[in-house]
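Letter by letter, the chains look like this.
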Amino acid sequence: MPDVPQFPARLADWLDAARRSLVAGMSGYRPPGARPGQSPLAHSPCSPSRDVRFMFASDTDDPVCAWRATLLVPANAVVGTPLALTVVDARGLPVADGAFRLAGCVVPLADGRGSLPFEVFVGGLKDVRVALVRQGRPDENGTLAFFDLEDA
Amino acid sequence: MISCLHMVSEVAYDVERLMAGDASAWARVCEKSVRMEMTRFRYSSMVRKWRITEEELLSMLFEDMVVRGKLALYRGDGDLYGWLGKYVVGYIRRTNPARRRETPVARMPDEQTEDGGRSLQCRDRRRFAERCFGALWRKNPLRAYVHYLKLGEGLSSQEIRNMLGLSSDANVNQLCSRFRRELRKRVFCDA
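The listed protein sequences correspond, in order, to chains U and H.
What the first sequence shows, in my numbering, is residues 160 to 311, in sequence order.
What the second sequence shows, in my numbering, is residues 8 to 198, in sequence order.
These are computed hints drawn from the structure, not numbers from a lab.
A few of these clues could be false.
Cross-link-like lysine to any residue pairs, in silico, SDA-like; alpha carbons within 20 angstroms at most [unchecked claim]:
id, chain 1, residue 1, chain 2, residue 2
1, H, K39, H, G28
2, U, K285, H, K39
3, H, K77, U, R260
4, U, K285, H, R185
5, H, K77, U, V287
6, H, K77, H, E63
7, U, K285, H, E63
8, U, K285, H, K146
9, H, K146, U, L231
10, H, K77, H, A34
11, H, K146, U, M214
12, H, K93, H, C139
13, H, K146, U, N300
14, U, K285, H, P148
15, U, K285, U, F213
16, H, K77, H, A27
17, H, K39, H, Y94
18, U, K285, H, G28
19, U, K285, H, S175
20, U, K285, U, L231
21, H, K146, U, R260
22, H, K39, H, E62
23, U, K285, H, R150
24, U, K285, H, K77
25, H, K146, U, A290
26, U, K285, H, R145
27, U, K285, H, Y94
According to the in silico footprint, chain U covers these stretches of chain H (three or more CB under 8 angstroms from chain U) [claimed, not checked]:
id, stretch
28, 143 to 154
29, 164 to 173
In silico negatives: residues of chain U with every beta carbon more than 12 angstroms from chain H [stated by the list, open to error]:
id, residue
30, P204
31, A236
32, G239
33, V247
34, L252
35, G257
36, A262
37, D270
38, R272
39, R296
Just so it is clear, CB atoms sit at the ideal spot from N, CA and C, and this is done for glycine as well.
One chain only, chain U, in its complex shape (with noise of 0.2 angstroms):
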């Protein structure tokens, strides 16, 4: 059987990249180590084919301030893939409103739920201004965890 040329493989896998490039490019999106003038199709991100989840929690441990926070990034993210963030209280119960400030950008809270676009958390990493912005309370800061203290 003669070898079948790879051409339409190849030409898909060349729309597809040039299609990120241009997600890539309207989004205003400059990953980390990326020049000023570098192409952003060199850097495009891509997660992992598995599900990744980042935990933040509240600085303090007070009951009423307390909060911990989910930022899952689906398999196989891309530029434009938005990304889930839920937010709890102590109690476990969903933030009822209020914003969240991660990666650079304030995401808008509804029922402990929000959600910011890969490219933005991608290119916001070097931020660490991560806190939860209710009404009438100052900002409650917190950090990236490693473990998950709820099952401590």
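With chain U's structure known, arrange chain H on it following the hints.
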């Protein structure tokens, strides 16, 4: 030499019986081969660090080698005894709980007892580690994310590079090792 060959052939016979479904041969394979490999270098530190008992590890190995049928991977090319040894050591390396974000304190036996005081200590130790991690994250977030993805989520360097848009796998490893060094320094200085 003759006794050694005799032992190898006995192990081969028992492995054959195991593969044929005779679970009673497991005890003999353990005694002659698996247990000997387990008591070598890496196993002892793993047992100390992660509080896995010898029996637990043996049952994990039984599950993997016999129930999941990994013994059938032996193709008869080389020495069966050597293959078994490499398999056991490889299994112990692969089951490193750190790759699945399990922590040594979570496996400590005192947490499973009703001794509330000891459990609180575990919780405090975890909080202390968490505080150190958070402080370093504020100082250099990219390194902390790389460390978290590598050790917490168990991603490969390539997956992390693709996800965070870093330049190379070496860069990922460098960021991770620097973070680990700083974390170690902080934990030992603050403790």
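Each hint tested on the structure:
no.: 1; hint: K39/H x G28/H; in the structure: 19 angstroms, holds
no.: 2; hint: K285/U x K39/H; in the structure: 54 angstroms, violated
no.: 3; hint: K77/H x R260/U; in the structure: 48 angstroms, violated
no.: 4; hint: K285/U x R185/H; in the structure: 16 angstroms, holds
no.: 5; hint: K77/H x V287/U; in the structure: 46 angstroms, violated
no.: 6; hint: K77/H x E63/H; in the structure: 18 angstroms, holds
no.: 7; hint: K285/U x E63/H; in the structure: 42 angstroms, violated
no.: 8; hint: K285/U x K146/H; in the structure: 10 angstroms, holds
no.: 9; hint: K146/H x L231/U; in the structure: 24 angstroms, violated
no.: 10; hint: K77/H x A34/H; in the structure: 17 angstroms, holds
no.: 11; hint: K146/H x M214/U; in the structure: 18 angstroms, holds
no.: 12; hint: K93/H x C139/H; in the structure: 37 angstroms, violated
no.: 13; hint: K146/H x N300/U; in the structure: 15 angstroms, holds
no.: 14; hint: K285/U x P148/H; in the structure: 5 angstroms, holds
no.: 15; hint: K285/U x F213/U; in the structure: 15 angstroms, holds
no.: 16; hint: K77/H x A27/H; in the structure: 13 angstroms, holds
no.: 17; hint: K39/H x Y94/H; in the structure: 15 angstroms, holds
no.: 18; hint: K285/U x G28/H; in the structure: 56 angstroms, violated
no.: 19; hint: K285/U x S175/H; in the structure: 18 angstroms, holds
no.: 20; hint: K285/U x L231/U; in the structure: 18 angstroms, holds
no.: 21; hint: K146/H x R260/U; in the structure: 18 angstroms, holds
no.: 22; hint: K39/H x E62/H; in the structure: 16 angstroms, holds
no.: 23; hint: K285/U x R150/H; in the structure: 10 angstroms, holds
no.: 24; hint: K285/U x K77/H; in the structure: 44 angstroms, violated
no.: 25; hint: K146/H x A290/U; in the structure: 17 angstroms, holds
no.: 26; hint: K285/U x R145/H; in the structure: 9 angstroms, holds
no.: 27; hint: K285/U x Y94/H; in the structure: 42 angstroms, violated
no.: 28; hint: 143 to 154; in the structure: holds (count 6)
no.: 29; hint: 164 to 173; in the structure: holds (count 6)
no.: 30; hint: P204; in the structure: 5 angstroms, violated
no.: 31; hint: A236; in the structure: 8 angstroms, violated
no.: 32; hint: G239; in the structure: 15 angstroms, holds
no.: 33; hint: V247; in the structure: 17 angstroms, holds
no.: 34; hint: L252; in the structure: 22 angstroms, holds
no.: 35; hint: G257; in the structure: 22 angstroms, holds
no.: 36; hint: A262; in the structure: 10 angstroms, violated
no.: 37; hint: D270; in the structure: 27 angstroms, holds
no.: 38; hint: R272; in the structure: 22 angstroms, holds
no.: 39; hint: R296; in the structure: 21 angstroms, holds
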